[in-house]
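Colleague: Could you use the hints to bring the two separately framed chains together as a complex?
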Amino acid sequence: LKNMLSQVTGNRVLTEADLGPVLTTLQQTLVSKNVASEIAADICTSVRSSLVGKKMSTFSTVKATVLPALELALERVMTPRQPIDILRDCVAKRETRSNSPYTIVFVGINGVGKSTSLAKTAYYLKQNGCKPLIAACDTFRSGAVEQLNVHAKCLDVPLFQKGYSKDPSSVAKAAISKAKEDGNDVVLVDTAGRMQNNVPLMTALNKLIVQNKPDAVIFVCEALVGNDGVSQLQMFSQALSSSSSKTGVDGVILTKFDTVSDKVGSAVTLSHVTGVPVIFVGVGQKYNHLKRLSTRAVVKSLFKD
Amino acid sequence: MVLVELGRSLRASLNKLSTIGGASEEVIATVLNEISRALIEADVSVGLVKAMKEKIKAKIELTSDSHINKKKLVQKAVQDELVSMLQPATKPYLMSRKKTNVIMFVGLQGAGKTTTIAKFAGYYARKGWKVSMVCCDSFRAGAFDQLKQNATKLRVPFYGSYTEADPVVIAEKGVAQFRKEKYEIVLIDTSGRHRQEAGLFEEMQEISAAVDPDNTVFVMDGTQGQAVYDQAMGFHDAVDVGSVIVTKLDGHAKGGGALSAVAATASPIIFLGSGEKFDDFEPFNAKSFVAKLLGFGDIRGFMDE
Ligand SMILES: Nc1nc2c(ncn2[C@@H]2O[C@H](COP(=O)(O)OP(=O)(O)OP(=O)(O)O)[C@@H](O)[C@H]2O)c(=O)[nH]1
Ligand SMILES: Nc1nc2c(ncn2[C@@H]2O[C@H](COP(=O)(O)OP(=O)(O)OP(=O)(O)O)[C@@H](O)[C@H]2O)c(=O)[nH]1
Ligand SMILES: [Mg+2]
Ligand SMILES: [Mg+2]
Numbered sequence: 057l058k059n060m061l062s063q064v065t066g067n068r069v070l071t072e073a074d075l076g077p078v079l080t081t082l083q084q085t086l087v088s089k090n091v092a093s094e095i096a097a098d099i100c101t102s103v104r105s106s107l108v109g110k111k112m113s114t115f116s117t118v119k120a121t122v123l124p125a126l127e128l129a130l131e132r133v134m135t136p137r138q139p140i141d142i143l144r145d146c147v148a149k150r151e152t153r154s155n156s157p158y159t160i161v162f163v164g165i166n167g168v169g170k171s172t173s174l175a176k177t178a179y180y181l182k183q184n185g186c187k188p189l190i191a192a193c194d195t196f197r198s199g200a201v202e203q204l205n206v207h208a209k210c211l212d213v214p215l216f217q218k219g220y221s222k223d224p225s226s227v228a229k230a231a232i233s234k235a236k237e238d239g240n241d242v243v244l245v246d247t248a249g250r251m252q253n254n255v256p257l258m259t260a261l262n263k264l265i266v267q268n269k270p271d272a273v274i275f276v277c278e279a280l281v282g283n284d285g286v287s288q289l290q291m292f293s294q295a296l297s298s299s300s301s302k303t304g305v306d307g308v309i310l311t312k313f314d315t316v317s318d319k320v321g322s323a324v325t326l327s328h329v330t331g332v333p334v335i336f337v338g339v340g341q342k343y344n345h346l347k348r349l350s351t352r353a354v355v356k357s358l359f360k361d
Numbered sequence: 009m010v011l012v013e014l015g016r017s018l019r020a021s022l023n024k025l026s027t028i029g030g031a032s033e034e035v036i037a038t039v040l041n042e043i044s045r046a047l048i049e050a051d052v053s054v055g056l057v058k059a060m061k062e063k064i065k066a067k068i069e070l071t072s073d074s075h076i077n078k079k080k081l082v083q084k085a086v087q088d089e090l091v092s093m094l095q096p097a098t099k100p101y102l103m104s105r106k107k108t109n110v111i112m113f114v115g116l117q118g119a120g121k122t123t124t125i126a127k128f129a130g131y132y133a134r135k136g137w138k139v140s141m142v143c144c145d146s147f148r149a150g151a152f153d154q155l156k157q158n159a160t161k162l163r164v165p166f167y168g169s170y171t172e173a174d175p176v177v178i179a180e181k182g183v184a185q186f187r188k189e190k191y192e193i194v195l196i197d198t199s200g201r202h203r204q205e206a207g208l209f210e211e212m213q214e215i216s217a218a219v220d221p222d223n224t225v226f227v228m229d230g231t232q233g234q235a236v237y238d239q240a241m242g243f244h245d246a247v248d249v250g251s252v253i254v255t256k257l258d259g260h261a262k263g264g265g266a267l268s269a270v271a272a273t274a275s276p277i278i279f280l281g282s283g284e285k286f287d288d289f290e291p292f293n294a295k296s297f298v299a300k301l302l303g304f305g306d307i308r309g310f311m312d313e
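Listed in order, the protein sequences are those of chains Z and V. Each residue of the first sequence is one higher than the one before, counting from 57 in the working numbering. Each residue of the second sequence is one higher than the one before, counting from 9 in the working numbering.
If we strip away everything but chain V, and leave its shape as in the complex, we get (with noise of 0.2 Å):
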């Protein structure tokens, strides 16, 4: 996994607490400032990087007073605050066979939506559920196509149109034939999209108006930059995003653009796609990774220190 090579430098910089002497005010700024660095060239959003340099400098500056260790003092802090980044309040949405969960995917253009829906397909059908998709996507070319290759390889059932432009009248027919089939999932494939364009977020906000779904999901790239806070952000405040999936790790990117897409969305991250294969796919869980991530172990046992 590569945002892994972040918790390495970020590891690097925490050891130096306790090799280079005490931890003196000069020793907590470099390793702040070399923390901050590491995240900002896995590019976490640098307005983000700032302000959770403040927060931990505050949370020192709080306890300064105490004989408290310092080392574990910054360690504690710069986990914490790196936890609540990658798992926010929002709990996770919870999958029930009891009914029929209708899922939607929604993205910047070619974040990976339409081959996640198959590798979530074919997860949850591998499982035992009852699955299948429909193609909302009446923008792209090919868009149709390329769901109903992947639908068929996997065996799920798809729906979808090669003359109906209205992706509303879609999703609408589609959902409506899958709840009556009694399908335990449905997941729903939108066009790509970006904050810049306002109808392309209102045509976005009609669909789900339409399907109401049970979750939605936010795939994006993890290659990005700067610019994916912002992004994410604008998802977030146009529809009620419940779910980040970070894509393309199998790359040389760090990742850490998911950061910021958790912390504007305020949703967990659920999946990481890792290749163009329908298996490359993994749950994520933010707890055991960051307590991997910085090498801590188990982060209860951290924790209750």
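Next up, chain Z with everything else stripped away, as it sits in the complex (with noise of 0.2 Å):
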């Protein structure tokens, strides 16, 4: 790798032939580091039309050229043009005295942190002086609303529950009049985990949404994704979408950075699916394991050898 990045030296113009070999191998890197295959692949092309035809510096090298203008592509990549701050628009909504709470779904495929962040996220508002409640609207996995309750008694947070093998979207609209009645600000709905392809699981959650019109809807992926990240964003934004909202999913938690190491190409990958911004990511499976994403850190990780 190194040799090939330190070919080619002089002040001339970079041509596709000089920029293939380089982008060839970075492009590798980045795959290796668990970017998705396509994603790396658009990210890669777009760097090299944007390279070829500029002059290089005297006695730079195309890897002095090409690797900062990559990195670039990636921050800017991750880099949300639409940043989301849950707990501003909590407070906003708060402040607009509606009487009705900021209502937040977390969605996501099975087993990849959803109960477990929202969770986090109840300790997190609350740290802040909101009143969450949290909604068990898993009425199908076993032991689903037991582990809501951990939560909520660990928390002090009131969980709102009806059990099993009841209507999620109908369980959620209750959860939201007893926020009101008891004045909780913030209304946590907890969803049971689909496959994104798994249609008549995804219209009951498209149904949850539009019956229920939450102020956000987070989608939860793990970190440890593959290439399916794609389609899972991809095929839950496009479930979700509705009239009230063009991308379906407003913002992204990446779940278990902890257990990656400087494998963290998914948070590149989900970045660039949508433009939806990652809001936190899970370093951990304590309630204060919750950060933002530092996208410094994570180009830092993608060429480190």
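Read the hints as simulated data drawn from the structure, not as lab findings. Careful: at least some of the hints might be erroneous.
[Claimed, not checked] In silico DSS-like links for lysine-lysine, alpha-carbon gap of 25 Å or less:
1. Lys218/Z x Lys156/V
2. Lys263/Z x Lys285/V
3. Lys106/V x Lys135/V
These figures come from a predicted structure and were not determined experimentally.
Modeller: This is how it looks when you write it as structure tokens:
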């Protein structure tokens, strides 16, 4: 890799032929760091076309020209165009005195960390002066309600639950009413995990969203996800988009970041797919293990060998 | 089955060897590149794919002087590599009716261990085995309730505790009880963990030492990408993994991470999970799988040629 990158020097115009090998190697590096193949190819192609015809400064290597351009492109991909701040939005809604709670729905495939991220979010909001209520709308998976009950007790946050086999959309509705009654300014809605290609389950989730009109839909994905991350985010966004929300998903929580070491590519993949911002990363199994994504750190890990 | 998609791209590549004139070195190089790309897009570890490509190249070069049909040569080399990847030296553990088979399930957080144990229990209970479960996950919120609810639905006896915090103690007591009661199969559920947290791996080793399992099953999520190999390696190094079960193959992922897990643990895949219901579970046979994957019919017929 090092050899390849340091080849070709001089004060001249960059051609496809100069860039090809360097970018191919860098693209491989990205893929080995778990950036989805098509996303890595996309980004490298755009860097290539932005550099072809550019003049290299004297004594500079192709690598010295390409790497910073690629790093910049990656940072740009991960920097949201429309950042979302749930705490600020919660407070803003409370101050309108509409008496209707700020509602967040957590969605995603099975086992990625929806319920845990919900609990972490409850902790974060409570620490910052909000009064969250948790709605147990995973009425399907064994132990889902008890799991939330444990979190609610530990966090000293009320849990609204109707047990199993109930229609999740109705449970969410009842929870929102209950929050209004009790003066809770945030409702955090847990949902059952489902595969993005499972049409009946995706339709049911769409119904929950349409009927309850949450303020934010958070797509939870694990940093371990491979190429499938692209399809997950695309299909959840598509299934949940409606007239009121074009993207369907308002933000992403990327969990299990503590399990991937330097293979942090999914942060790039997910930011690139729809441009939906990564709100938080999950970095462990404790309540305070919710952090903001550091795009610098991600870029650094990607090119660390 | 989702891994089949991978087979389709592999077959298409291999067919090029017969459609584009003879098998010139250029064509072979293209085919090998395409196969590598298909494997990487299916989430097989990049390092593994590179090594595999080198091995195939070496095999082809070794025999390049002879007049052997190049297409067959490449096909066989690819097939051999896939088979050896999917079918490691370790023989699958054979369940014995004459004793208590203790099977411990380990894996990353949310991989599907608890659900897979329920499926596994259902599978053997239907075949008339006396099956039981022990919940040694004293960490995850609601873990015992989850296992208990599954066991109750399946009418399988279970052991666990709401108050005992030490999973080693639970493991010892549970296994002792079911051994005494002459259960043929005892399934040990453990907490999700990852290689970056040494304490969690030590705990797993302590449980393993306490119950002395006849087989340890690594449960992995089929949607995961490039980090799987390192994680599987970590589990392999910490405990004596003997089998792999791949879950969540009902989604869109191509499940290539499974190949990485098999390579890392040197253990065969024994079952595939393809849904949340207890019977979304099928036994896996590597031999007939690869034969089907590459579409060459019976693998032995091919090998004998
Ligand atoms: N290491 C680590 N583990 C996490 C993180 N977030 C969640 N987990 C673990 O992942 C497992 C699954 O988490 P859940 O919150 O139950 O996942 P879920 O998406 O609600 O799962 P389902 O409701 O079954 O679809 C649990 O063991 C969590 O403790 C994280 O950021 N890091
Ligand atoms: N669609 C689908 N979901 C699955 C499959 N196997 C497990 N799941 C789901 O994945 C989620 C996590 O499964 P669990 O069995 O709780 O995973 P676990 O490994 O025990 O999780 P921890 O104990 O937190 O580490 C649950 O929602 C399961 O229903 C599968 O093959 N397909
Ligand atoms: Mg959940
Ligand atoms: Mg479990």
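Colleague: For the pair supplied as a hint, Lys263/Z and Lys285/V, confirm whether the alpha-carbon distance does not exceed 25 Å.
Modeller: 23 Å, holds
Colleague: Between Lys218/Z and Lys156/V, does the CA-CA distance stay at or below 25 Å?
Modeller: 19 Å, holds
Colleague: Is the Cα-Cα distance between Lys106/V and Lys135/V 25 Å or less?
Modeller: 15 Å, holds
In this structure, every one of the numbered hints holds.
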